[in-house]
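**Student:** The task is simple: from the sequences and hints, build the whole structure.
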Amino acid sequence: MGLWFYLSQPFAQHALLAGTLVAITSGLIGPFIVTRKMAFAVHGTAELSFTGAAAGLLVVGDPVVGALAGSLVVATAIGLLGVRERERDSAIGVILAFGLGVGVYLLSLYHGFATEATNILFGQIFGVSSGQLLLLLGVAAGVLVATTILYRQLLFASVDADVAEARGVRLRLVGLLFLFVLALTVTEAAQIVGTLLVLSLAITPAAAAQRLSARPAVVTGLSILFALLACDGGLIASLESDTIKASVFVTVFSFAIYALARIAGGALHLGRPTARVP
Amino acid sequence: MTTAAPTIRLRDAALQFGERTLWGDLTLDVAAGEFLAVLGPNGSGKTSLLKVILGLQHLSAGTVEVCGRAARRGSSVVGYIPQQKSFDRDLPLRGRDLVRLGLDGHRWGVGLPSRGATAKVAEVIEAVGASRYADAPIGLLSGGEQQRLRIAQALLGDPRVLLADEPLLSLDLQHQQAVSELIDSRRREAGTSVVFVSHEVNPILPMVDRVLYLVGGRWAVGTPDEVMTGERLSDLYGTEVDVLRVRGRIIVIGAPDDAHGEHGGHHHHPSAETDH
Numbered sequence: 089m090g091l092w093f094y095l096s097q098p099f100a101q102h103a104l105l106a107g108t109l110v111a112i113t114s115g116l117i118g119p120f121i122v123t124r125k126m127a128f129a130v131h132g133t134a135e136l137s138f139t140g141a142a143a144g145l146l147v148v149g150d151p152v153v154g155a156l157a158g159s160l161v162v163a164t165a166i167g168l169l170g171v172r173e174r175e176r177d178s179a180i181g182v183i184l185a186f187g188l189g190v191g192v193y194l195l196s197l198y199h200g201f202a203t204e205a206t207n208i209l210f211g212q213i214f215g216v217s218s219g220q221l222l223l224l225l226g227v228a229a230g231v232l233v234a235t236t237i238l239y240r241q242l243l244f245a246s247v248d249a250d251v252a253e254a255r256g257v258r259l260r261l262v263g264l265l266f267l268f269v270l271a272l273t274v275t276e277a278a279q280i281v282g283t284l285l286v287l288s289l290a291i292t293p294a295a296a297a298q299r300l301s302a303r304p305a306v307v308t309g310l311s312i313l314f315a316l317l318a319c320d321g322g323l324i325a326s327l328e329s330d331t332i333k334a335s336v337f338v339t340v341f342s343f344a345i346y347a348l349a350r351i352a353g354g355a356l357h358l359g360r361p362t363a364r365v366p
Numbered sequence: 004m005t006t007a008a009p010t011i012r013l014r015d016a017a018l019q020f021g022e023r024t025l026w027g028d029l030t031l032d033v034a035a036g037e038f039l040a041v042l043g044p045n046g047s048g049k050t051s052l053l054k055v056i057l058g059l060q061h062l063s064a065g066t067v068e069v070c071g072r073a074a075r076r077g078s079s080v081v082g083y084i085p086q087q088k089s090f091d092r093d094l095p096l097r098g099r100d101l102v103r104l105g106l107d108g109h110r111w112g113v114g115l116p117s118r119g120a121t122a123k124v125a126e127v128i129e130a131v132g133a134s135r136y137a138d139a140p141i142g143l144l145s146g147g148e149q150q151r152l153r154i155a156q157a158l159l160g161d162p163r164v165l166l167a168d169e170p171l172l173s174l175d176l177q178h179q180q181a182v183s184e185l186i187d188s189r190r191r192e193a194g195t196s197v198v199f200v201s202h203e204v205n206p207i208l209p210m211v212d213r214v215l216y217l218v219g220g221r222w223a224v225g226t227p228d229e230v231m232t233g234e235r236l237s238d239l240y241g242t243e244v245d246v247l248r249v250r251g252r253i254i255v256i257g258a259p260d261d262a263h264g265e266h267g268g269h270h271h272h273p274s275a276e277t278d279h
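Just so you know, the protein sequences line up as chains A and B, in that order. Position 25 of the first sequence, counting from 1, maps to 113 under our numbering, and the rest follow consecutively. Position 187 of the second sequence, counting from 1, maps to 190 under our numbering, and the rest follow consecutively.
Don't read these hints as lab results, they were simulated from the structure. As the structure is a prediction and not an experimental result, all values here were calculated from the model. Using N, Cα and C, we set each Cβ at its ideal position, and we do this for glycine too. Each hint should be verified, as a subset may be incorrect.
Claimed, not checked - 30 Å max Cα-Cα, derived BS3-like pairs, lysine-lysine: (1) B:Lys123 / B:Lys88; (2) A:Lys125 / B:Lys88; (3) B:Lys54 / A:Lys125; (4) B:Lys123 / B:Lys54; (5) B:Lys88 / B:Lys54.
Claimed, not checked - Ranges between beta-carbon positions, derived for each pair: (6) B:Ser173 / A:Glu328: 52 to 60 Å; (7) B:Asn45 / A:Asp250: 14 to 22 Å; (8) B:Gln19 / A:Lys125: 32 to 40 Å; (9) A:Thr164 / B:Val113: 47 to 55 Å; (10) A:Thr164 / B:Asp228: 55 to 63 Å; (11) A:Lys125 / B:Val80: 50 to 58 Å; (12) B:Arg75 / A:Ala157: 35 to 43 Å.
**Tutor:** Below you can see the structure in the form of structure tokens.
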């Protein structure tokens, strides 16, 4: 009875809608994050959305607006400082360390420190206002459209940069646009699973999908499917539970899918010849 | 050589990075169907020359035209085979997907499957003899298999100019021969100009029409017999260089491996000469 009651409530429906859009976007960009080895960029932008959220709370009284605006600042900073791939991780580390320090300071200025900090770090999608939800939905839809437009060039640039450049793909532009897409997606996902657990939506589904296929379209499809199962499944499971946060279920489901994919992928690879003589 | 308009025209072309001149006053026409080998030590600007023709690198002076137009990035008349690099073993990409990206990977959007594109991709893969392993993950293929797929990718747009950057690197002798013959048969059948960067002339010696030899800011161009002589190379390198001909192979002795290095560097890959 409890679950159906909750599912008829607007707050739960809105959260599921937001979760669905966020999962689709995360699943879509996940394979690129894995291929471009940008897990640390995900982690960095996610943790820095803590700083954005704290600034938002303090300035406009809204952590979601602050986090989204902050993610654009972070993406720009990483794009400017980490021009070369070799420098990228250290640039993110530098920005991350400084940004978190600023975030802790900002939050200490705010009353109700503990609750808000927990919400930001571990997610609180059921607690967002309808205005915030509308903003999240709008940004998610925008990111989804942008990623769709970017998809082919991003794939080319990620797997075969030299030829992509020769064929006219602007590597720097595509890389920078992807950074913005990534930062916004990560910030959105952070509203559901929290900044600390974003990797469970941005990396795990894609990593699981890669165990099962080598076709880019299939990997993308599976990655989106896995992200949806983990995200919406986690949200629904948390409606049943009074005490456990949605992020716990999302991370557990997402990890379970990955474990199963590894086992299934291992079985697939057994039948595949690895040594070939032309 | 045909009398048709050249596919590549370089006029007084120069490339400088800061104080350093890679090459200068380079005037060269490449004819349709011609096989031009670009040789020279590391750092002599061989790859940079390809980048200039691809429109990715601006000349410091002079002009470059490809098929009558100023070189520009993304030109559909140019096919490009990059240096062989290994793909991650678990990269989710099949050989077929790599080839397909050569067709429309530079466009915006998702790229929906189309029967025409699929057939075209299958056709070039068949033409280079890679059908058997085109559906395997690219990271699991050997260097020779990957290079065949690279050639298929470059040939997809029916290019009039084919640029190959050390395509034989890290291949064994048998694959070196197979890959270079594949490129050679293509230019004979379709009249495609080939600019083939290599540090080794022997695997391609039978098919080379002319050699462009770049050394530390200077260059020489001509048939292999004209350029690959002790006299010409000694003049280019500014040091005593000997060229031996042994059973149809050319062995260069005494050439520093680094364009700006001092004498006593590695010899011109002597280890690669001890085959048969």
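**Student:** Indicate, hint by hint, whether the structure satisfies it.
**Tutor:** Hints and how they fare:
Taken as a hint, the B:Lys123 and B:Lys88 pair is honoured in the structure, with Cα atoms around 25 Å apart against an allowance of 30 Å. With a C-alpha separation of about 17 Å, the suggested pair A:Lys125 and B:Lys88 falls inside the 30 Å cut-off, and the hint holds. Our distance criterion of 30 Å between C-alpha atoms is met by B:Lys54 and A:Lys125, whose separation comes to about 27 Å. Under the criterion of a C-alpha separation no larger than 30 Å, the hint pairing B:Lys123 with B:Lys54 is consistent with the structure, at around 27 Å.
With a CA separation close to 18 Å, the supplied pair B:Lys88 and B:Lys54 stays within the 30 Å bound. For B:Ser173 and A:Glu328, the hinted distance range of 52 to 60 Å is satisfied, since their beta carbons lie about 57 Å from each other. About 18 Å separates the C-beta atoms of B:Asn45 and A:Asp250, a value consistent with the hinted range of 14 to 22 Å. Between B:Gln19 and A:Lys125 the beta carbon distance is about 34 Å. The supplied range of 32 to 40 Å therefore holds.
Distance hint check for A:Thr164 and B:Val113: the Cβ-Cβ separation is about 27 Å, which falls outside the suggested range of 47 to 55 Å. For A:Thr164 paired with B:Asp228, a C-beta distance near 58 Å keeps the hint of 55 to 63 Å intact. Checked against the hint of 50 to 58 Å, the pair A:Lys125 and B:Val80 fails, with Cβ atoms roughly 34 Å apart. Taking the beta carbon of each, B:Arg75 and A:Ala157 are about 39 Å apart, inside 35 to 43 Å as hinted.
Figure legend: structure checked against the earlier numbered hints; hints not met, in rising order: 9, 11.
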